[in-house]
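Chain A is fixed; fit chain B onto it per the hints.
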Amino acid sequence: MAEISLDELKKLVVENCVLKIKPEEIGEETPLFGPGSVGLDSLDALQLTVAIEQQYGIAINDAKVAREAMQSLGTLRSWLAQQPRPGAKP
Amino acid sequence: MSLTPHGPGFSFLDSFEILEPGKRGRGRKWLDPKAPFFADHFPGNPLMPGVLLIECAAQAAGVLWQQPGAAYLAAIRDFRFRKPVLPDQTLDIEVTLEKEMGALAQFDAVLRVGPIVATQGKLMLSRTLSSVV
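Keeping their order, the protein sequence lines are chains A and B. With the first letter of the first sequence counted as 1, position 80 gets the number 80 in my numbering; the numbers rise by one all the way through. With the first letter of the second sequence counted as 1, position 27 gets the number 27 in my numbering; the numbers rise by one all the way through.
Each hint should be verified, as a subset may be incorrect.
To be verified - EDC-like cross-link-like pairs, simulated, lysine to aspartate or glutamate; straight-line CA separation at most 20 Å:
#1 B:Lys99 <-> A:Asp41
#2 A:Lys64 <-> B:Glu98
#3 A:Lys10 <-> A:Glu53
#4 A:Lys64 <-> B:Glu100
#5 B:Lys23 <-> B:Glu100
#6 A:Lys64 <-> A:Asp41
#7 A:Lys10 <-> A:Glu28
#8 B:Lys23 <-> B:Glu98
#9 B:Lys99 <-> A:Asp62
#10 B:Lys122 <-> A:Asp41
#11 B:Lys99 <-> A:Glu68
#12 B:Lys23 <-> A:Glu53
#13 A:Lys20 <-> A:Glu3
#14 A:Lys11 <-> A:Asp41
#15 A:Lys11 <-> B:Asp78
#16 A:Lys11 <-> A:Asp62
#17 B:Lys122 <-> A:Glu25
#18 B:Lys99 <-> A:Glu53
#19 B:Lys23 <-> B:Glu94
#20 B:Lys23 <-> A:Asp62
#21 A:Lys11 <-> A:Glu29
Since the hints were derived computationally from the structure, they do not count as laboratory data. All figures in this text were calculated on a predicted structure; none of them were measured in a lab.
Okay, chain A solo, but in the shape it has when bound (with noise of 0.2 Å):
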């Protein structure tokens, strides 16, 4: 699908989730989770993978994918990016 910013991602964390953290701190490579992170648990994910279907119509079903697609902003750019667009002929 189509490139989307570090910004839009940055704003969808913060307006779903729980930040331990200011946003302004959030970088490309911070951590969403654990020691040193933004500060986001395993309901934060949750929340997340609803808000990132909702607005992207790309459905994370699977822990194990959702715990590497979100390692940081920038893992999950880069994974929404392989995703095919809802709807895109193959």
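The following block gives chain B in isolation, referenced to the frame of chain A:
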């Protein structure tokens, strides 16, 4: 037999109907004016507590989810209490599974008295007590 794992003193569902298997369902709860919380919330002006409206939604979501053991309330989000809910009214509690992943699931809940939306919001349930990491 109770619809939920709760004891009779904390059951907030009288019945539950599956509208779409695994996806959407509707519970009902008649609010007995003799329920003890009405006496003190508030004296002379009984009103269904908002936290118990959330509990109604959580119990309905738990029945819809149909897990082998208990399901635990893990998060609530965007709840709105639009109309007062009073003794002797009957709540229709409609719950829709929005997303399930790992040990967690998110539901949308709409609680009506007749056609009027009294409360709505989203909640998450967990299969375990320690899945929020």
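Ascending list of hint numbers which this structure does not respect
13, 16 and 17
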